[in-house]
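Q: Single-letter residue listing:
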Amino acid sequence: MAQPRADAPSKIILEGSDLHRVVDRIAHQILEKTSGATGTVLLGIPTRGVPLAHRLAARIHAFEGVEVPVGSLDITLYRDDLRLKATRALGRTELPPAGIDGLRVILVDDVLFSGRSVRAALDALKDLGRPSSVQLAVLVDRGHRQLPIRADYVGKNIPTALAESVKVALTETDGADEVRLIGGLS
Amino acid sequence: MIKHLRSAADLDADTATLILDTAAEMAALSGREVKKLPALRGRTVVNLFYEDSTRTRISFEAAAKRLSADVINFSAKGSSVSKGESLKDTALTLQAMGADAVVIRHSASGAPHRLANWVEGSVVNAGDGTHEHPTQALLDAYTMRSRLGRLDGLKVAIVGDVLHSRVARSNILLLSTLGARVTVVGPPTLIPLDLTDKAQVSYDLDAVLPDSDVVMMLRVQTERMQDSYFPSAREYSRRYGLDVPRLRKLPEHAIVMHPGPMNRGMEIAPEVADSPRSTIVEQVANGVSVRMAVLYLLLGGK
Numbered sequence: 001m002a003q004p005r006a007d008a009p010s011k012i013i014l015e016g017s018d019l020h021r022v023v024d025r026i027a028h029q030i031l032e033k034t035s036g037a038t039g040t041v042l043l044g045i046p047t048r049g050v051p052l053a054h055r056l057a058a059r060i061h062a063f064e065g066v067e068v069p070v071g072s073l074d075i076t077l078y079r080d081d082l083r084l085k086a087t088r089a090l091g092r093t094e095l096p097p098a099g100i101d102g103l104r105v106i107l108v109d110d111v112l113f114s115g116r117s118v119r120a121a122l123d124a125l126k127d128l129g130r131p132s133s134v135q136l137a138v139l140v141d142r143g144h145r146q147l148p149i150r151a152d153y154v155g156k157n158i159p160t161a162l163a164e165s166v167k168v169a170l171t172e173t174d175g176a177d178e179v180r181l182i183g184g185l186s
Numbered sequence: 001m002i003k004h005l006r007s008a009a010d011l012d013a014d015t016a017t018l019i020l021d022t023a024a025e026m027a028a029l030s031g032r033e034v035k036k037l038p039a040l041r042g043r044t045v046v047n048l049f050y051e052d053s054t055r056t057r058i059s060f061e062a063a064a065k066r067l068s069a070d071v072i073n074f075s076a077k078g079s080s081v082s083k084g085e086s087l088k089d090t091a092l093t094l095q096a097m098g099a100d101a102v103v104i105r106h107s108a109s110g111a112p113h114r115l116a117n118w119v120e121g122s123v124v125n126a127g128d129g130t131h132e133h134p135t136q137a138l139l140d141a142y143t144m145r146s147r148l149g150r151l152d153g154l155k156v157a158i159v160g161d162v163l164h165s166r167v168a169r170s171n172i173l174l175l176s177t178l179g180a181r182v183t184v185v186g187p188p189t190l191i192p193l194d195l196t197d198k199a200q201v202s203y204d205l206d207a208v209l210p211d212s213d214v215v216m217m218l219r220v221q222t223e224r225m226q227d228s229y230f231p232s233a234r235e236y237s238r239r240y241g242l243d244v245p246r247l248r249k250l251p252e253h254a255i256v257m258h259p260g261p262m263n264r265g266m267e268i269a270p271e272v273a274d275s276p277r278s279t280i281v282e283q284v285a286n287g288v289s290v291r292m293a294v295l296y297l298l299l300g301g302k
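For the protein sequence lines, the chains are A and B, in the order given.
Take the first sequence: its position 71, counted from the start at 1, is 71 in the UniProt record's numbering, and no numbers get skipped.
Take the second sequence: its position 163, counted from the start at 1, is 163 in the UniProt record's numbering, and no numbers get skipped.
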């Protein structure tokens, strides 16, 4: 997919407290749809899915006092485009001590686009254990799916053109909270 | 990323650190129920072993299999090599079979460099003569880093038959790239003269021990010795063998390493080899993780 040029025009979609409110809403929806988040594990997909998963767990704890275990799931070695690009460094896979067997796993990622990362995550998950069910939470859904995959929790739907790109920045990884649409003229 | 791993000198500090970091992620796999990753599915790795080897060959085989590569094991015994086939013709045969990587162990120093000119795939040096053994150096560095937390500024003594040791040569290159300070220790007859800009030299083991974070004992390679380099095994052992009294001279945190196979009672006393400060078994386990990292980084991408 063509990446917009670095100097392409860009527009901020979410910023600071807006982004916090979106995370709060997803946390509430998780509590609602999972009857209080019992038997649930949050697994963030590196890089930005991991801090998002930690934020969701912190908000869930603040709202209802439930401790939801958090882990990370690196999908690099399961990607279907591994061979098409230069070798990538690996991220960290770290499961909570109780593992994932028999639990509801909620995968957390920043942007849902083609759906290929999620497919890779599902493949990685099956080598790690057998969750009772798997759900998906994303901060941004930008459309253009190439696989039959949908999210259970969506922070914000952003209609995009293929030539555009969505860049999520988080304080933990980038120093600021911001969702930016790059390359669009609108 | 580099294409071949022929020498520890192929690695700059960033690449070497990337390999060690990747190995740390690969190591997490050994705790899993399904010890397999799909990264090299459909790729072929040939283990081309002209010299006897237990741990290195098995380690490379396990590493390739855990990454889902197809593995072809070739040992010179029982192959056309015993009918006189040259390395080049063997290489062209492997090329025709579509090997994506060739892991080579050969008694001739420089064989991996020659091989890299004849095959299109990646070449990994698994030990060539008295020259180099870069993946051993990587797994040693990995072991030091995981036991002691760092490599920069670490004081490493490499003791014994440095002259014939490809392990020592690769370790000196890699460790100096990564900022460790290496001292080689041994009888003057077994210390090469060309190392002095990368390592310090000492002939007195007892003087070096109290100031070392790591002691790496080397095997005395009698099979490569055409001359007599020391008067007797007993005398060698008395001056350069690591026994229990010498172990006590080491700082509290220091570790003892050996690339194996060991001559117990010669360069290392059995009590020392089996002590909790010895990392010898750990080194073998780390070898698989490090070789997985090397194969993934050489073959995983475009």
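Simulated from the structure, these hints should not be mistaken for laboratory data.
Please read all numbers here as calculations on a predicted model, not as lab measurements.
Some hints could be false.
With the C-beta cut set under 8 Å, the calculated list includes, among others, these residues of chain B facing chain A [said to hold, decoys possible]:
id, residue
1, K36
2, P192
3, G300
Positions of the beta carbon are idealized from the N, C-alpha and C atoms, including for glycine.
Q: Min Cβ distance, B/G300 to chain A: is it shorter than 8 Å?
A: holds, 5 Å
Q: Under 8 Å is the threshold here; is the Cβ of B/K36 close enough to any Cβ of chain A for the hint to stand?
A: holds, 7 Å
Q: Is the shortest C-beta separation between B/P192 and chain A less than 8 Å?
A: Violated: closest Cβ of chain A sits about 35 Å from B/P192, beyond 8 Å.
Of the numbered hints given earlier, the model fails hint 2 alone.
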